[in-house]
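Colleague: As a plain string of letters, each chain reads:
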Amino acid sequence: MSAPTTSDAPDPALRRSAAEIGRTPTGPRALPPLRPQPQVPAPAEVDTVLPTGLRVIAVRRPGVPMVELRLRIPFSDSDPRHAAVAEVLASTVLSGTERRSRVSLDDDLAGVGGEMGFSVDPERLAASGHALAEGLPTLLDVAADVLTSATYPADEVERERERLAERIQVAAAQPSVIARRALQRHRYGDHPVTREMPEVDEVAGVGTDDLLAMHRRMVVPSGSVLVLVGDLDPDEAVAAVQAALAPWDTPGDASVLPRLPELHGSDLLLVDRPGAVQSQLRLSAAAIPRTDHRYPALQLANLAFGGYFSSRLVENLREDKGYTYHASSSLEFDPYGAALLVETDCASEVTAAALLEMRYELGRVAVLPPSASELESARRYAIGSLLISMTTQAGLASTLAGLAGVGLSSEWVREHPQRLEAVTDDEVAAAAAEFFAPARFTGVVVADAATSAAPLSALGGIRVPGESSGS
Amino acid sequence: MSTAALPPIPGAAPAPPSSLGSTSGAARHRLTLDNGLRVLLAPDRSNPVVGVAVHVDVGFRSEPEGRTGFAHLFEHLMFQGSESLEKLSHFRHVQGSGGVFNGSTHQDYTDYFEILPAAALERGLFLEADRLRAPKLTEENLANQIDVVKEEIRLNVLNRPYGGFPWILLPPVLYSTFANAHNGYGDFTDLERSSLDDAAAFFDAYYAPGNAVLTVVGDFDVSDAAELVERHFGDIPARAVPTRPSFAEPGPDGERFESVVDAHAPLPALALGYRMPDPGTDLPGYLAHAVLASLLTDGEAARLTQRLVYGDGLVTDLSASAGLMGAPLDARDPDTFTITAVHPDGVEPRRVTDAVDAELATLGADGPDPEELRRVTARWSSALYREHDRLMNRMLALGSAELVHGRAELSDELPAAIAALTPEAVATAASSLRPDARALLVLTPGADA
Chain D
1 MSAPTTSDAP DPALRRSAAE IGRTPTGPRA LPPLRPQPQV PAPAEVDTVL
51 PTGLRVIAVR RPGVPMVELR LRIPFSDSDP RHAAVAEVLA STVLSGTERR
101 SRVSLDDDLA GVGGEMGFSV DPERLAASGH ALAEGLPTLL DVAADVLTSA
151 TYPADEVERE RERLAERIQV AAAQPSVIAR RALQRHRYGD HPVTREMPEV
201 DEVAGVGTDD LLAMHRRMVV PSGSVLVLVG DLDPDEAVAA VQAALAPWDT
251 PGDASVLPRL PELHGSDLLL VDRPGAVQSQ LRLSAAAIPR TDHRYPALQL
301 ANLAFGGYFS SRLVENLRED KGYTYHASSS LEFDPYGAAL LVETDCASEV
351 TAAALLEMRY ELGRVAVLPP SASELESARR YAIGSLLISM TTQAGLASTL
401 AGLAGVGLSS EWVREHPQRL EAVTDDEVAA AAAEFFAPAR FTGVVVADAA
451 TSAAPLSALG GIRVPGESSG S
Chain G
1 MSTAALPPIP GAAPAPPSSL GSTSGAARHR LTLDNGLRVL LAPDRSNPVV
51 GVAVHVDVGF RSEPEGRTGF AHLFEHLMFQ GSESLEKLSH FRHVQGSGGV
101 FNGSTHQDYT DYFEILPAAA LERGLFLEAD RLRAPKLTEE NLANQIDVVK
151 EEIRLNVLNR PYGGFPWILL PPVLYSTFAN AHNGYGDFTD LERSSLDDAA
201 AFFDAYYAPG NAVLTVVGDF DVSDAAELVE RHFGDIPARA VPTRPSFAEP
251 GPDGERFESV VDAHAPLPAL ALGYRMPDPG TDLPGYLAHA VLASLLTDGE
301 AARLTQRLVY GDGLVTDLSA SAGLMGAPLD ARDPDTFTIT AVHPDGVEPR
351 RVTDAVDAEL ATLGADGPDP EELRRVTARW SSALYREHDR LMNRMLALGS
401 AELVHGRAEL SDELPAAIAA LTPEAVATAA SSLRPDARAL LVLTPGADA
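From first to last, the protein sequence lines are chains D and G.
Per my numbering, the very first residue in the first sequence carries number 1; after that it's consecutive.
Per my numbering, the very first residue in the second sequence carries number 1; after that it's consecutive.
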């Protein structure tokens, strides 16, 4: 059957063909020009450091009667047990305080339409929360309570440990997580940055004493940043933070991630996932931080290469070849620098072909730089998407917290469009040639080795495991 | 243009729980073009950004038997070029104007949209009008997008643990008719059989201007935007609007049971599916289910979370949802209330469902504590505020409410309507989730895990 079953579907004889549908008597029409873009004044903001060493950024954005909170505490340690203890800490820090039980913490937040959550990665412990604007005092009171007197009750810790172990088991089965773990090990060896998720057995040994000790030692205000964005007065909000968080005065400085090993080009690593119907390709190379004068040029070169849908990588792999639903190139930042990450997931049978096209596009952008129109499109996108991402309270709060983590402020965001406007074709060509040269890349391919190893070996530049890990 | 411009909708509904006023951009203006296209203009000048969305009144429940996944495949084709736009031009023009775009296929509608800097309003309207007027449907693009959709399905369903759980796997247990039960992503064999003729017939039948709603939001002048809409959409010829079928079917007369094996899942899981009241005839009853879902599983103090995760330790992860796709009011009747649980190997599924039944019986008999209910509704208000702070979400909520329920205002009124629900209404909702009228789907890990 080829016609939809509606009671009044057009008579098949009268139906138009696909070709007829795509034509009108008027013919193709011209794309309307852009109009002038309205400018808006910067929102009222206070960015200050409290006596405890906590940096506080408060921004007024009254779109909805809400307030967003982001707290970011540098939280790195080279102890191999660190990731497991930190993960349990993030899962149990809201399990109770000297003043509140787990349930009453949640009830108090719910009463002001609020929520709060903690998460940890190798770089930082982060809290993210929000509440109705009138509930800011409650939100800050809960935050202060947790930061100064989390108790990590033994029974709560035991249960969360079990749940966490099960969640790790679930996550570790995700192809994207398998690929990420393999890439981190391949790129950075055993540097702390690789410990994004602990192993199940590492979590089992974590107890209340470990958590209280870590909390005392590492949950500190100095070097941390708190961001509030929403329907608030920035000066009053900072005063409210200062009053509420005054008891959070644990001495010491927050612990910053050690410098990452330098990335060099090397053979990719094939990781066998027997029977997989889809493969993960992850390529990576050294890049530069936002503070580098070449960064705006690299940002535009990356967009044109694979940083958005209208890029060479996506148009080739997805729209031309149909190998993938998703392909992208992005910049991953750390406190010192950045790395390029080029990734796609493709059907198993085209794994080698997709890798060939990725390498081809890397080489092409290095020697045949983006054209003037590719560059202009990337520039408009970079400026427009930055504008759009900053129009929500939550987006602005997260952006500012992220930038604060690498020592930047809202001034950087405000000035960035001008930097992007000033980038020349030659600067983009130079960045593309410098950073996208295929020989600079390393990475991993997670695939069914039985079907993919031979064609990948034929391409070369990839280390294939001697024998399958399965069966 | 036959204009029915309405004054801004007054705050007819009770004020939200916060005294701080209503969502920004509450002004709404409506037009209907001569070709039948309904237009909703919602200006909001707080940021120099605009949004354009087209909601078409066809979703995956309307696709014909033998063509599962066709509504979604067709959505992909609509990005592949139109009379004035070569393949890839749509993406390039949106992004090259500084904007972002997407489209999605739901049970009862398909949406297409972009968010752009205000300077690009006319461009956004042009792009949407061109493909609604004359999309370029070609064999080459069809073949390419069948491949892309298959990759999307491998990524989101076949190659991951719990792929399609429960939204693809539960409907065939709960429902009997093809429309309600089938897989909206589609079977590969059906996708591969799809022809260009199918695409032409689908477009002519469903993509008539009278079968769509155009929503424009953000930083614009209303009369200017109305003029631009007429300029770009006004000469799309009117076509017959299909009669919307009813998807009604009787509810289950017992517990319907199925089990599936998931080769990638490390832990067993189960999903319960129940029917919900028709939001078109019993909106409070429907919303009581949405609040019930929050009472059961949202937050540390939630009833089922307390009982199953913290009390008995029967369950690792737990979620309840009013609406098959996770959001309330996203579909017309019939829609599904789901409870999903991931649990350790040693736990019998029946222990979990017995505990769910016991908690629902308690809630049905006693209702929620008023303070417990107040906390849940406060969280609902703040969740809706946050969602609508993002122009894209506000636009999509307005457009889908206008198309699916005939009233964009529904989206604005939700916080107040939810705040007005009584403990008795929630108790009634809990009582309606009966063990002898539901679907139970049990998922067991396969050998691969």
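Be a bit skeptical, because a hint or two may be false.
Said to hold, decoys possible - Cβ pair distances, simulated, as ranges:
id	chain 1	residue 1	chain 2	residue 2	range
1	G	Asp197	D	Gly27	54 to 60 Å
2	G	Gly446	D	Arg463	54 to 60 Å
3	D	Gly265	G	Thr444	30 to 36 Å
4	D	Glu158	G	Asp253	33 to 39 Å
Said to hold, decoys possible - Listed below are several chain G residues computed to face chain D (Cβ distance under 8 Å; list not exhaustive):
id	residue
5	Pro117
6	Ala119
7	Asp253
8	Leu391
As the list claims (entries may be wrong) - Negatives, chain D to chain G, calculated, CB over 10 Å:
id	residue
9	Arg60
10	Asp107
11	Leu212
12	Arg259
13	Val277
14	Glu332
15	Arg364
16	Glu411
17	Arg440
18	Pro455
Everything labelled a hint here was simulated from the structure, so no lab data went into it.
Glycine is no exception: its CB is placed at the ideal position from the N, C-alpha and C atoms.
Colleague: For every hint, state whether the structure bears it out.
Modeller: Structure-based check of all given hints:
1. G:Asp197 x D:Gly27: 54 to 60 Å: violated (25 Å)
2. G:Gly446 x D:Arg463: 54 to 60 Å: violated (30 Å)
3. D:Gly265 x G:Thr444: 30 to 36 Å: violated (45 Å)
4. D:Glu158 x G:Asp253: 33 to 39 Å: Distance hint for Glu158 of chain D, Asp253 of chain G is violated at roughly 44 Å.
5. Pro117: Check passed: Cβ of Pro117 of chain G comes within 5 Å of chain D, closer than 8 Å.
6. Ala119: holds (4 Å)
7. Asp253: violated (27 Å)
8. Leu391: OK, holds: Leu391 of chain G within 8 Å of chain D, min 6 Å.
9. Arg60: The claim holds: Arg60 of chain D sits with its nearest Cβ about 12 Å from chain G, beyond 10 Å.
10. Asp107: violated (6 Å)
11. Leu212: With a cut-off of 10 Å, Leu212 of chain D remains clear of chain G, as the shortest Cβ separation is near 21 Å.
12. Arg259: Answer for Arg259 of chain D: holds, closest chain G Cβ roughly 35 Å.
13. Val277: Incorrect as stated: the minimum Cβ-Cβ distance to chain G is 5 Å, not above 10 Å.
14. Glu332: Consistent with the label, Glu332 of chain D stays out of reach of chain G, its closest Cβ about 21 Å off (over 10 Å).
15. Arg364: At about 17 Å from chain G, Arg364 of chain D clears the 10 Å cut-off, so the statement holds.
16. Glu411: holds (20 Å)
17. Arg440: Consistent with the label, Arg440 of chain D stays out of reach of chain G, its closest Cβ about 27 Å off (over 10 Å).
18. Pro455: The claim stands: Pro455 of chain D keeps its Cβ more than 10 Å from every Cβ of chain G (closest is about 18 Å).
Checked against the numbered hints given earlier, this structure breaks hints 1, 2, 3, 4, 7, 10 and 13; the rest are met.
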